[in-house]
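J.: Chains as they are written, first to last, in this note's numbering: chain L, 1 to 229; chain G, 1 to 229; chain V, 1 to 294; chain A, 1 to 294.
A couple of the hints might just be wrong.
[As the list claims (entries may be wrong)] Sample of chain A residues at the chain G side, in silico, Cβ under 10 angstroms:
{"no.": "1", "residue": "Ser16"}
{"no.": "2", "residue": "Arg19"}
{"no.": "3", "residue": "Arg196"}
{"no.": "4", "residue": "Glu198"}
{"no.": "5", "residue": "Met203"}
The set of hints was computed from the structure by calculation and includes no laboratory data.
Model, not experiment: these values are computed from the prediction.
Idealized CB from N, CA, C, for every residue including glycine.
Each chain, written out:
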Amino acid sequence: MIEIRDVKKLYSGMATPALAGVSLEIERGEFVFLVGPSGAGKSTLIKLIFCEQKPSSGSVYFWGKNTSSFKEAELLKHRRRMGMVFQDFRLLKQKTVFENVAFALEVVGKSPKVIREKVPAALEKVGLAGKEKSFPMELSGGEQQRVGIARAIVKDPLIILADEPTGNLDRDNSRQLMDLFARINEGGTTVIIATHAYDVVDRMKKRVVALEAGQLIRDEQRGSYDDEY
Amino acid sequence: MIEIRDVKKLYSGMATPALAGVSLEIERGEFVFLVGPSGAGKSTLIKLIFCEQKPSSGSVYFWGKNTSSFKEAELLKHRRRMGMVFQDFRLLKQKTVFENVAFALEVVGKSPKVIREKVPAALEKVGLAGKEKSFPMELSGGEQQRVGIARAIVKDPLIILADEPTGNLDRDNSRQLMDLFARINEGGTTVIIATHAYDVVDRMKKRVVALEAGQLIRDEQRGSYDDEY
Amino acid sequence: MNINSLKYSFRQSLVSLSRNFWLAVVTAVMIAISLAILGGFLLLAVNVGQSIRIIESNVEINAFLYDDADVEAIQAKLDNLQGVQGYTFVSKDQGLVDFGQAIGDTILLSGLEGDNNPLPDLIRVQVEQAETVPELARVIQGYPGVELADYGEELVGMLIRITRWLNALFLGASVLLALGAVFLIVTIIRLSVMARQEEIGIMKYLGASNWFIRFPFLLEGTLMGWFGTMIATVSLGLIYYRVVASLQRESLAFFLQPVTDAERLFPIFAGLLVLGTLMGCIGSYLSVRKYLRV
Amino acid sequence: MNINSLKYSFRQSLVSLSRNFWLAVVTAVMIAISLAILGGFLLLAVNVGQSIRIIESNVEINAFLYDDADVEAIQAKLDNLQGVQGYTFVSKDQGLVDFGQAIGDTILLSGLEGDNNPLPDLIRVQVEQAETVPELARVIQGYPGVELADYGEELVGMLIRITRWLNALFLGASVLLALGAVFLIVTIIRLSVMARQEEIGIMKYLGASNWFIRFPFLLEGTLMGWFGTMIATVSLGLIYYRVVASLQRESLAFFLQPVTDAERLFPIFAGLLVLGTLMGCIGSYLSVRKYLRV
Ligand SMILES: Nc1ncnc2c1ncn2[C@@H]1O[C@H](COP(=O)(O)OP(=O)(O)OP(=O)(O)O)[C@@H](O)[C@H]1O
Ligand SMILES: Nc1ncnc2c1ncn2[C@@H]1O[C@H](COP(=O)(O)OP(=O)(O)OP(=O)(O)O)[C@@H](O)[C@H]1O
Ligand SMILES: [Mg+2]
Ligand SMILES: [Mg+2]
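Chain L on its own, in the form it takes in the complex (with noise of 0.2 angstroms):
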């Protein structure tokens, strides 16, 4: 389904590359783990799947069709297609906590009986029924991070990408959260998640694809955090 070709990434007036060649095949369906030191191009992968950035040099396609290509129209149903959780978080502040997750349903214009039942129902998954009428300063650092989990799954996403979704978790949460994920996967949702939390990659025994400045270091189906494990 995602089939990225030799690409090169480097960010403009920075003198090293943050992906220096990488390429990649992932299938529909499949749970990804992408792990690597700080800095290692984790998230500009991720950006360039999302085609929040644009390969320097390589192409990365999407069903054979190279992202670079896309259109406006194209890329706003590339974007909806997938479940994306942000490294940052990026909630909009003027919105409350459910008014955050209905965003996304929102925006592919479905009706507010619709966007009534399932945000309830997402923001219950997360674990944070209750909390609907906050505002996202009003949260804690993981409430806030959980309120983009849920806006990532709320809308059943062909894809989801998330980027350190339980930086800011603690264990049990995180590893509920990471449970939540394993099952959407086995609903068919392709996953991909850059993490550091290795307990969990480890225990999950999924794919894993290992960065380090900028250059894949390794591809293992049922892998571990680390390479001698």
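Dock chains G, V and A with the ligands against the given chain L, drawing on the hints supplied.
T.: Chains G, V and A with the ligands only, in chain L's frame:
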């Protein structure tokens, strides 16, 4: 040094208090982990010590003085003594990495010469040498977090307050930074860290204060992340 | 956009207006100030224009007649002359009385009545536009029975120059002021949208179409623009009403007659309303556009 | 604040101006527009005031004399009368010539020369201010040898009313415009500071004192204000210069003499410069203050 006496904190408009009667004493030179599930009140407790929030009832004493009675000048002095790592980083977007870290020194009126010495040393310690000229938006999540840590330690503070300082960092980086905090603590600096990194907590065998739903449920010297460890 | 999106947009712009209440009010007030200045100036221009026209229509050609002139024939010709607004016949007797009043002492002129009267008969011709005076005077001079068709050459020349000059000045200043007002309004809206650029970027990343993002901002901007111009036009109208009232009460001068007819005031106020509302709308459009390129 | 902090503030405001270049330029331009409008209006007011004064000083009292009046004694008295700007003696012969010119035909008055002349001798008295005319006329009327001191009551009354009325209008409009300009400038600066409120909050949390945070903003605001007013005063000055030049070239009317003396123009331009710069400074102070309460 810090004495928290029966502190309650109810954010305006909220039904349940973030802290519901917490008492705690922290001596000079201690190393304390604050643990607890997401939304337990860890950040709120740290904000009370930092005087970012005021308690709804009860008091926080700093060297015997009630922080609620701090005047403007005392408040500034109080904050300047602290090295604070914010959960949401709070970097100055308009400034480069170097300027962000330097700002903590400029605030206390250090000379450019001192700044030119200390800032690179602090960036070196958190592994960000070479990123001086980048703006926060041009950094990875973990790099931003480390800028926040560098800014906290550069001024040789009396107390380090770190709210989830390793949430966006990989395992190796996390361990190195926790070791850095431990070394600084050995030099006599009081360190208070709110964290979900249970492995680090368990490994370091320091004092652990556990919160849950605004209640202090455990306070152990040489404790661990879980109760039944 | 389907119907859900449309409903969403309407609801959203109201919610956003209420959450950014302070910003919205300030924006509306600033739009109001900009437009009130522009509108006040336009009212001034219209009134000065009217005063000039009144002065112009008071410019007269004095046609001095021979004693044996056929007054009725001349009047008939004047009736058909283009550019003539009206005329008055002043007999030599009446002329003497007028002169006495002008110098302030009628007694001094006693002994000049009747056959001693040195003054000729006279027709005062009022014209429509000062510019046509020289030409008309030439024509009237040619009529049989007219000894001399006279008009203060200097005064008329001056009037024509003043008119041309003021017209150029007011046109230039209007254009400058209008551009200034537009720039102010668009920039104010841009600044208030800038405070929310992050929000716009996030919406874009969530797959919202440009129109979906833009529409609430457009509605908001239109509402603010409309509200601002309402403030501007209403307060301008009230102030103008008071000024007009005090002007008329004072009856300052025959040529300081304020413009009060609706046909000429309406376009100004309506124009301001349309300009402000459009500016609100277009300003939002342009401001948002900048941040939509993510 | 020690010397390091001061150096830091200066460096910081320059860095910040260059990083927020677009915002700074827009702010300066908006300050320029606001002040140019205010300044243009003040120039207008000054010129209208001058025109009125010219017209006033052309208001005359006509003192008609008895044939046996002691002209020199009257002139001596006028020399000592407060409020009198000057006077001209017009003999009855000269009066007749003038009258002939006024009605446009000297031939008509032939036969009235010499002893037949019905006109009296006359002294035209120019006054300094229209308001004093009625009183002065009363005084002159009382001089021996003066038959009648006359002065177009209506015209003078009108002039006095117009002057009072325009003064009130200009004062009101100036105050309104100045308030509007101040509001615009302060709000523009506030909006541009608002974009950086987060930054201010963070600095506060890092233990920066209010002055330490404020100072770069103050410098920035002062610079923007100063730059904006420089644009305003320079372009206003250029436009005014051109308008004056074309006015003088046209020599439109004796009473449309533009104000050109530095003593009266300087306060306006200097006032604008001070106002704009102060506004930049005070506006920043107030805007930042709001976000310092963390
Ligand atoms: N917008 C940008 N402009 C310039 N450089 C950037 C930008 N974004 C990221 N980088 C750089 O590219 C490199 C890779 O960044 P990326 O965000 O992909 O790392 P990451 O693997 O997600 O790290 P982390 O675990 O800390 O989030 C880093 O060195 C970072 O400094
Ligand atoms: N500014 C605020 N206004 C209202 N409620 C708040 C505010 N800040 C925090 N809260 C609430 O107070 C509770 C405790 O928040 P706090 O940030 O202290 O949690 P935490 O222990 O730091 O959690 P996390 O691990 O997720 O960061 C939460 O339920 C949160 O929703
Ligand atoms: Mg990342
Ligand atoms: Mg927290």
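J.: Compare the structure with each hint and give your call.
T.: Hints and how they fare:
1. Ser16: holds, 7 angstroms
2. Arg19: holds, 6 angstroms
3. Arg196: A:Arg196 check passes; min Cβ-Cβ to chain G is 7 angstroms, inside 10 angstroms.
4. Glu198: holds, 8 angstroms
5. Met203: holds, 7 angstroms
Every hint from the earlier list agrees with this structure, and none is contradicted.
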